[in-house]
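Colleague: Residue-level listing of the chains:
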Amino acid sequence: MVLRLWNYMRGYVIIRVQGLTLERFINICMARDIYLWDVKRIDNTTLETKISIEGFKDLKKIVRKIDCKVSIFEKHGYPFWIHRLKKRKMLLLGAFFCFLLLVFVSTFIFSIEIAGNENVEKAEIISKLNNLGFKPGANRCFINLRKLENQLLLEIDQLAWVGVEIKGIKAKVEVAEKILPPNKIDKDIPCNVVAQKNGVIEKVITKSGHAVVKEGDIVKKGDILISGIIQLEHIGNSIPVHSYGDVYAKTYYEAMGEKNLTEIKEKKTGQKFVKKILNLGNVELSFNRGKIPYEFYIVEKRSKKLLQWRKIGLPVELIIEEYYEVNKIEITVNEVEAKNHVHKEALDSILEEIPFEAEILNTQIDFTVKDGVLYGKVIIEALENIAVQKTLQIGED
Amino acid sequence: MWENGGIKKGLAEILELPKDIILDLPKIIMIGNLQIYIENHKGILEYTDNRIRINTKNGTLRIIGKNLMLKNIVAEEIFIVGEINQVEFID
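Protein chains in written order, with the working numbering: chain A, 1 to 397; chain B, 1001 to 1091.
One or more hints might be untrue.
Computed footprint of chain B on chain A; a stretch qualifies when at least three of its residues, placed anywhere within it, have a C-beta under 8 angstroms from a C-beta of chain B [stated by the list, open to error]: (1) 22-35; (2) 39-49.
Derived CB-CB ranges, DEER-like [stated by the list, open to error]: (3) B:1074 with A:140: 55 to 61 angstroms; (4) B:1064 with A:38: 18 to 24 angstroms; (5) A:315 with B:1030: 42 to 48 angstroms; (6) B:1077 with A:89: 43 to 49 angstroms; (7) A:18 with B:1007: 46 to 52 angstroms; (8) A:21 with B:1074: 18 to 24 angstroms; (9) B:1020 with A:301: 55 to 61 angstroms.
Straight-line C-alpha distance at most 20 angstroms; calculated SDA-like pairs for lysine to any residue [stated by the list, open to error]: (10) A:57 with B:1074; (11) B:1057 with A:31; (12) A:75 with B:1071; (13) A:50 with B:1037; (14) A:50 with B:1079; (15) B:1071 with A:8; (16) B:1057 with A:24; (17) B:1071 with A:30; (18) A:40 with B:1064; (19) B:1071 with A:2; (20) A:291 with A:325; (21) A:167 with A:106; (22) B:1057 with A:30.
The hints are simulated quantities; they were obtained by calculation from the structure and are not laboratory data.
Heads up, the beta-carbon is just placed ideally off N, CA and C, and yes, glycines get one too.
Could you put the whole structure together from the sequences, leaning on the hints where they help?
Modeller: Here's what the structure looks like:
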């Protein structure tokens, strides 16, 4: 194999020698250190042999001595290939330009991917990017990514961070949005104060405007708490004002949690069944036959890759699948533990909803057991400011 | 009385030297009937598809077989492949 590769690299020719004294030809070649290999007798007067290029050149000198006719039958090897390529310069040039073109074309951006946007429209980001000159078809050599990021940040206020990355012909734009503070309404603009959550009013502190709710009232989300329209009795007309104030209300948060009181646990019996699969590209070759002999089992997969270098490797992979037999065991869960678990689960889901400023007044949990499942219902009573300003629509009243 | 070869032969036997070097004899290695490897030959006398005759120090080595092919030939060794039926020394 190595020898053949070596011969290929050096180049060799297959020659046919015609004559009556072929043995003499071989002996002379041997004496002159001309290396012959794969010598075949074609017929009585013909011999076929492989000979290196240098050997063939030396052969010309001795061919006159002996009464043989030498003709080249085939040419093999790398030097001939190069020689042929030299003759076809245009082909070489074409291949070179093709490569150059490929490199050149790959500097253009073909697609833009946007990730991380929630409230800002994708189309908006794309159109802004297009305005900045960043679009499919743009050459990445002429784009300053850092500058582009800054420009995009300036263009779209809602963004807090922009990261542009070009991978090959694909551009990835990652954005992070700002969390905007609640809209501040200018003092000159008339507005109402409305409820942002359902609740029972506890305290109303009106700083401006006309309170329309009092302690003990039940309000729904969106209900007007402090009206921005003040009725002037002696004139009989109403004037809009910028109302503001704090309205504290009891709010209720509710969450459910559940847990099975009997748990099924899997326990390994110690029995093992190993399956080996050879993965060649997309072809899977399994070494083991037959089904997995267990009813319940856990699979553990391991794979060994051959000649792995970073992400590049041969597409040959040995997958070892180990099937462990398991027994299923029913375990009754300790009720106290189950309750704790349910309580925690419910609280976890609820706590995110409760604003940080809210004062928690009361928590309550009810447990019910139904069909072997423990349900827990958590109710949290909190006191918080539910007031939020909303602009009065002109012409609404 | 003592021939040239006789002395050498005796010497080789006393000193336990390899005879192929001392006596200039061919060393022949066969692998089944598929390959034959001859070291220290003195040239080819005849080469055809089913018969090869090789000159050596102690006579002509004749190989008879089918589809014989000279895989490799250099000054010191010959490597023949094919279906070998007979290997014999003829004077």
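Colleague: It remains to establish, for every hint, whether it holds in the given structure.
Modeller: Against the structure, the hints:
Against chain B, the stretch 22-35 of chain A contributes 9 residues with a C-beta closer than 8 angstroms to a partner C-beta. That satisfies the three-residue criterion, and the hint holds. Only when three residues or more bring their CB closer than 8 angstroms to a CB of chain B does the claim for the stretch 39-49 of chain A stand; here the count is 6, and the claim holds. For the pair residue 1074 of chain B and residue 140 of chain A, the supplied restraint of 55 to 61 angstroms holds, since their beta-carbon distance comes to about 60 angstroms. Distance hint check: the CB atoms of residue 1064 of chain B and residue 38 of chain A are about 21 angstroms apart, consistent with the given range 18 to 24 angstroms.
For residue 315 of chain A and residue 1030 of chain B, the hinted distance range of 42 to 48 angstroms is satisfied, since their beta carbons lie about 43 angstroms from each other. In this structure the hint that residue 1077 of chain B and residue 89 of chain A lie 43 to 49 angstroms apart at CB holds, the actual value being about 44 angstroms. Here the CB-CB span from residue 18 of chain A to residue 1007 of chain B is close to 47 angstroms, well matched to the stated 46 to 52 angstroms. The given range of 18 to 24 angstroms is respected by residue 21 of chain A and residue 1074 of chain B, whose C-beta atoms sit roughly 20 angstroms from each other.
Between residue 1020 of chain B and residue 301 of chain A the beta carbons are some 60 angstroms apart, a value that agrees with the proposed interval 55 to 61 angstroms. A threshold of 20 angstroms between alpha carbons decides the hint, and for residue 57 of chain A with residue 1074 of chain B the separation of about 17 angstroms falls inside it, so the pair holds. Restraint check for residue 1057 of chain B and residue 31 of chain A: the C-alpha separation of about 17 angstroms stays at or below 20 angstroms, so the hint holds. For the hint linking residue 75 of chain A to residue 1071 of chain B, the alpha-carbon distance of about 19 angstroms falls within 20 angstroms, and the restraint holds.
Between the alpha carbons of residue 50 of chain A and residue 1037 of chain B the distance comes to roughly 19 angstroms, so the proposed pair stays at or under 20 angstroms and holds. A threshold of 20 angstroms between alpha carbons decides the hint, and for residue 50 of chain A with residue 1079 of chain B the separation of about 14 angstroms falls inside it, so the pair holds. At most 20 angstroms may separate the alpha-carbon atoms for a hinted pair to count; residue 1071 of chain B and residue 8 of chain A meet this at roughly 16 angstroms. At roughly 18 angstroms between alpha-carbon atoms, residue 1057 of chain B and residue 24 of chain A fall within 20 angstroms of each other, so this suggested pair holds.
A hinted pair counts as satisfied when its Cα atoms are at most 20 angstroms apart, and residue 1071 of chain B with residue 30 of chain A qualifies at roughly 14 angstroms. For the hint linking residue 40 of chain A to residue 1064 of chain B, the alpha-carbon distance of about 15 angstroms falls within 20 angstroms, and the restraint holds. Between residue 1071 of chain B and residue 2 of chain A the alpha-carbon distance is near 16 angstroms, which keeps this suggested pair within the 20 angstroms criterion. For the given pair, residue 291 of chain A sits about 13 angstroms from residue 325 of chain A by alpha-carbon distance, which is consistent with the 20 angstroms threshold.
A threshold of 20 angstroms between alpha carbons decides the hint, and for residue 167 of chain A with residue 106 of chain A the separation of about 10 angstroms falls inside it, so the pair holds. Of the pairs offered as hints, the one joining residue 1057 of chain B and residue 30 of chain A holds, with about 17 angstroms between alpha carbons and a cut-off of 20 angstroms not exceeded.
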